[in-house]
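Student: Please put together the full structure from these sequences, using the hints given.
The numbering of the sequence shown is our numbering, which starts it at 817 and goes up by one.
Simulated restraints on C-beta separations: (1) Glu1022 x Leu865: 36 to 42 angstroms; (2) Tyr942 x Leu865: 20 to 26 angstroms; (3) Val1012 x Asp1093: 17 to 23 angstroms; (4) Pro861 x Ser919: 44 to 50 angstroms; (5) Phe1027 x Glu882: 33 to 39 angstroms; (6) Asn914 x Asn952: 43 to 49 angstroms; (7) Ser902 x Ser928: 45 to 51 angstroms; (8) Glu882 x Ala1047: 25 to 31 angstroms.
The hints are simulated quantities; they were obtained by calculation from the structure and are not laboratory data. Note that beta-carbon positions come from the ideal geometry of N, C-alpha and C, so glycine has one too.
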Amino acid sequence: MNRLIKTVSGMAVSVLLISNVVGQQAELTPLTGALLMQRVVPASPVVQLRFINPGEASDSFFGSREESINSGSYRLSGLIPVGENSAIEIALPYQVRNTTYISSFFGESFTSETKASDIGNISVTYIKETNSKNSNLTNYLSLGVVLPTAGEDSWQGVFDNYYDFPAYTDEWMAFKGLFSIVKTGSRSVVIVEGGVDSWIHVGDEEEDVEFMGRYGVGYSFLPNENISLHAEFVGYGILSEEDIGDGSRFQHQLAVGARHQIGKFVPGIFYMKNFNDLGDVIPDGVAIELSMTL
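Tutor: What follows is the structure, encoded as structure tokens:
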């Protein structure tokens, strides 16, 4: 992960389109949109490629684990306006793991490697603005379906981005409902969202329908018209199981980063910190993104 930070330290992060000028009302664009949370309706189509590289972790018994620079979760997505106040987002996730395990027993060091890659669950999300943009407060409703296209080796993507859990669970499909409130200021954007996912098992074994909850809050600040700074705190967890402790029911992530607009392109970088049980497995990670307005 340290190599990745050095490689992309001159970049900024994420996607959504920018035409606002500091001093005017900030708009939701690739410069000011969400990092991990749901993106909303853009003015023009946007294509985005995101890569999350997990951090290294140590275990007191098994030793340490190191990931190669290309290990992690890839996500290719398109956000397409359909009408004046609606958009459709299509996302294709992909998971790659090149992991080296280093253990020490009785003074001797042992090394083993694991390699795996697989496609995740393709998702289609419809996003609708539910009120006028005349004020600085805008609401959005997002309804999505996560199709059961994931391979059995995609599951490790859950640890890279737990908030995108449904994208990496094979033999499950999900229906997502989400409500977002967006407040725009002259140099800032605040996003608050919450919703519920319903999971349906499509494998051979019978499983109960599971309900998962999600929530998040994000803040974007524009020091000038081409650069933005971001912070998001999100939580995702199971609602339909009773025998789960409070510390394990919801997992939380903090993401902080920056973006820089260069013409139609918005490159960027952000750092993710994982909490709860998730942080014991993968403590953190670094992501890079590149967006292009069509």
